[in-house]
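Generate the whole structure from the sequences, applying the supplied hints.
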Amino acid sequence: MVSKDIIIQMIDVNKWYGSFHVLKEINLTVHKGERIVVCGPSGSGKSTLIRCINRLEEHQGGRILVDGIELTKNLKKIEKIRSEVGMVFQNFNLFPHLTILKNLTFALIWARRMPRAEAEKIAMKHLERVRIPEQANKFPGQLSGGQQQRVAIARALCMNPKIMLFDEPTSALDPEMIKEVLDVMVELAREGITMVCVTHEMSFAKTVADRVIFMDCGEIVEENEPEKFFRSPKYDRTQLFLNQILQA
Amino acid sequence: MGPSASSSSSNLLVFVPRPSLPAPRQTVGIIGWLGASLFNGWFNSILTLIGLGLLWETVPPLLSWAIFNAVWTGGPADCPAGHNGACWAFIYDKFRILMVGMYPAEQIWRPLLAGGIFVVLGAVTVFRLLNPLRLIALWFLFLLPVYWLISGGLCLTVVDQSLWGGLMLSLGLAFVGILMSLPLGILLALGRYSNFAIIKSICVGIIEPVRGVPLITILFMASVMMPLFLPVGININNLLRVQIGIILFSAAYIAEVVRGGLQAIPLGQYDAAKSIGLNYWKTTVLIILPQALRHVIPSLIGRCIALFKDTSLVIIVGLLDFLGMVKASAQDPDWLGHDAEAYVFCSIIYWVICFSMSRYGHSLEQKKEAE
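Chains as they are written, first to last, in this note's numbering: chain A, 10 to 257; chain B, 1196 to 1566.
If you are wondering where the hints come from, they were derived from the structure by calculation, not from laboratory data.
Here are the simulated lysine-lysine pairs, DSS-like style, with alpha carbons at most 27 Å apart:
| no. | chain 1 | residue 1 | chain 2 | residue 2 |
| --- | --- | --- | --- | --- |
| 1 | B | Lys1469 | A | Lys111 |
| 2 | B | Lys1469 | A | Lys130 |
| 3 | B | Lys1469 | A | Lys86 |
Note that the structure is a prediction, hence the values are computed from the model and not measured.
What follows is the structure, encoded as structure tokens:
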């Protein structure tokens, strides 16, 4: 199922916040169509890792290649990569002064220079995909957290990305809303898009992930297929982490 | 008693919420308002009664002075000294000077037309007939034509700027000041907020010194000192120099207000804009600024009101604005002793204009709430 084409490659990536070494010698290869779940305790560098992939954070050592393009200071290349990589954030980060429909069409119209009618057609298609087309003319503040996050997913999908990054997409949601977001993500995963997802939803990892990556202290401690990862982790640190979150 | 319940086909009880009851009568309507606002406890009741007593003592004499005993028409002879009422005939007589200063009477249609344009633009603004960007463009579009209309040139008789004055001058200085200092202030704020050290220090280098001195100092600098520094042959007239001073002063304050708004925007907004491939300017102009400016509408309107009132300081560099004309009129030997009328009239006009701006700001906030 997983093809051999590499789409993300991180080679010996290092990053510091001031003097704090947040990513240490990260090596990660993601193939086209792969679904990766990244987990680990807070402060372990998971979010920083995926934020480096579309250069919301700058890495200071090593190389990162996305779809064959190396991430450097070249702004044009960064903008190209960003338009191919969709991202969903913990706090949704919808634009509160724009309607849902305008949130979705914004990048198509202003970054891709698409005519409005065409952009709106695409936006409505994706709103239907996340099952809230009836909210198109409301403002983000009028929607529930789960609906907002589904809008955020639709906004990223509008750019027709090759890769989707999820940064703890369900952590800020009420328990009743988590499922509706996870359902949409599972559907996406089944459609074969490349996904890198930071999450603590282990049920999601078990259902759709091709690989689970466990991070601590800025390092990738271990990575494995979900079944083996949950049944027989190699490290004591992983076991401890799993005990703690699976108990809850 | 637990929640009401009835049995259903399954074994579960069906939860039926209780109906909502109306609120107690004494907490709603006019009685509720009186009780909560005016007679809430013995102390507040006494304060209310004292307040009513004060109003009873002050309002009737004020009304009799301002309206019932007032002289509305005629000349100085109709308002003898010691007359126990306002002499509005004085304001009527001085009205033209108060509005347009020494502007020649036979050219009076020009300020009137400018005033008409101003009222139309104001109506377009208040009734929101245009979206914000087009509205600002419209105001800028009329800036030069109105200036030409007042100052003359081409086919119109030139009216020297020393003849301009009154409310026309105050409004002109204030609105050109607001119009120009808003974009300048926003740019300064963006510069100060930017990551580039050089741009940042240039902006701080403009904002802090300008904010650190009183407006009077800047007006003096503009009026008296600037000509000394300008190269020989370059001659900027006094009014323009004063206008530039006002714009700079206002821009420095607006920059700090806007910076406050920028700081209120969560970093996630930048992340989101970047992640869908927007560049710096598109992110700033279309995502960040609309939100930041909305946060600071009350302070921005406050700055505009302050700027309008601050224009009365131009009297110290020899320009006779509205307040200056009021002062000069009160000293007219024919009409001595009518300072009260002059300043009451002046206050009313200032208040009406400032209050309108305040209400406009309020309506902008309401629109923001609605979203």
